Amino acid sequence: MNRSKFIKTTGAATGFLAAGGLGVLSAFKPKQFSKHLTILHTNDVHSHIDPFPANDSRYANLGGVSRRYTFIQQVRSENPNTLVLDAGDAFQGTPYFNFYGGELEYKLMSKLGYHASTIGNHEFDNGIANIAAQLQHAEFDLLSSNYNFSNTVLDGLVKSHQIYEVNGLNVGVFGLGIQLEGLVSKELYKETEYLNPVEIAQEQTRILKQNLNCDLVICLSHLGYSYRSDKIDDLKLAALTRDIDLIIGGHTHTFLEKPSLVENLDGRKVLVNQVGWGGINVGRIDFYFDEAGENENESLVIEV
Amino acid sequence: MKTLSLFFLLSVLWSCADAPQKLTHIESKQILISDTIAENKELETFITPYRRRIKEEMEGVLSYTPNAMYKAEAKFNTPIGNMMADAVFEMANPLFKERTGHSIDLVILNYGGIRGGINAGDITTRTAYNIMPFENEVVVAELTSDELQALVDYLVQNKAAHPISGIQVILDAQGNLSEFKVNGAQNQRKSYYVATSDYLAKGGDRMDFFLSARNVQGLDYKLRNLFIDYFKKKDTIAPVRDQRFIQLQN
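Protein chains in written order, with UniProt numbering: chain H, 1 to 304; chain S, 1 to 250.
Isolated chain H, as found in the complex (with noise of 0.2 Å):
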């Protein structure tokens, strides 16, 4: 089947097509692709292991871990090749926090299988010696790249990136997190340093996709989805930095309708996406893959 015939191509190297048109191909789409991998994706999860309760002004009845693990199960039993990621700010927000100090937040996270999250601003909360005291809960990683922990305790606890092997395709991982100065109280995140996070997303890339040939990379950023002003967000992260094909993003609480494509450095399309808060909604994101070579002229297709 060559889905040229349905999908007229621009010439560049990204084309971009919305839902509405492409109803046909979904019913015969995953037969004729040689590898599928999906994403599910939370952030700013903030505590909220129950459901928001029936009176919630806004959100009743959403959300809940329990209930997400279930359609976690669901996902995974359908395509085993799936990664579960955060983009941070797993705790504060609810009394769980307060009382157990964020133990609960990432035992539920490591058996819902999440493979890594990040460092919001948020997880400093109860003091960065407490963040080292919770990874001891955590059966996934926690993904950091320019935050330099090195005069700290979290000094070798925290990766800057991650390659995941999925079905043959090398996914790699990295974290960024957010300016903490007049965020977060200095005695909270003692000798944490913060580094530019579009120099280090560069260099991360340039690790992961050039020296580590990694089939996908994605970005897990709690640096927030767009301000008006020049603060780094993650829709000027996207236009800044080269191949980066997704980026799950957090802090700004944002509800998208659907994924914000931003061409990068190279006019190529990144995926930025962030799914509110509070756990009342997942992301997900199939990634389809061929065989390079079998039909070079094909482009890239993206229907969000």
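Hints are computed from structural coordinates only; laboratory data are not their basis. On a predicted model such as this, the values are computed, not experimentally measured, just so you know. We put the beta carbon where it would ideally sit given N, CA and C, even for glycine. Please note that a few of the clues may not be correct.
[Said to hold, decoys possible] Residues on chain H that point at chain S, a partial pick, calculated with CB under 7 Å:
#1 Glu78
#2 Gly283
#3 Asp286
[To be verified] According to the in silico footprint, chain H covers these stretches of chain S (three or more CB under 8 Å from chain H):
#4 40-53
#5 90-98
#6 231-243
Let chain H serve as the given structure and place chain S on it in line with the hints.
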């Protein structure tokens, strides 16, 4: 991860899976986690002891509100923000007076610090945790009139509904400062006592005007406990939007 690497191993063993791969197609969707998705029994059993302990402490009814309120419902000032700032004024002032002989002139909290809405119906200990999950305490900073002017400039520039009490800020139609009053008076004084949280007093949320304050006094009173005490004191909580921070029309 274990499942994935096993899968990886299997695929390497019997397929030609290592041919170079090219990303050709991306799809996305967002899944609403609602009651149409069943709960996982095993996970519920795991959570239950944690939940039970919290529930015992959280469910005590403290007060009642006829109206739901949340921080984004209006510009410049909101019922929830006004209630929080007024509560700090009312509960912290007697304490501060007793310790120092001075009175609090005004209160400022931050919009971002209102961490949840309040639903209509019973107000419980959980409500206080929702709006104020942090462990921050009330402090009173003594600001000079210049520092107070910087506080007002911050409000004028931000134009966000930061909770304030004891001060009125009026913007002209262009969004510039028209006038401000502390305790209803425009005249400048040598110093002002401003109640806030220890987080903001250390310059949190870019409230840099607190950083130069000569004198910052802690009251050993957590904001969340203050709200709990305030709720206990009132049969009904029914704050309204008012004139404390407004923009004039042409």
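Quiz prompt | List of violated hint numbers, smallest to largest | solution = 1, 5, 6
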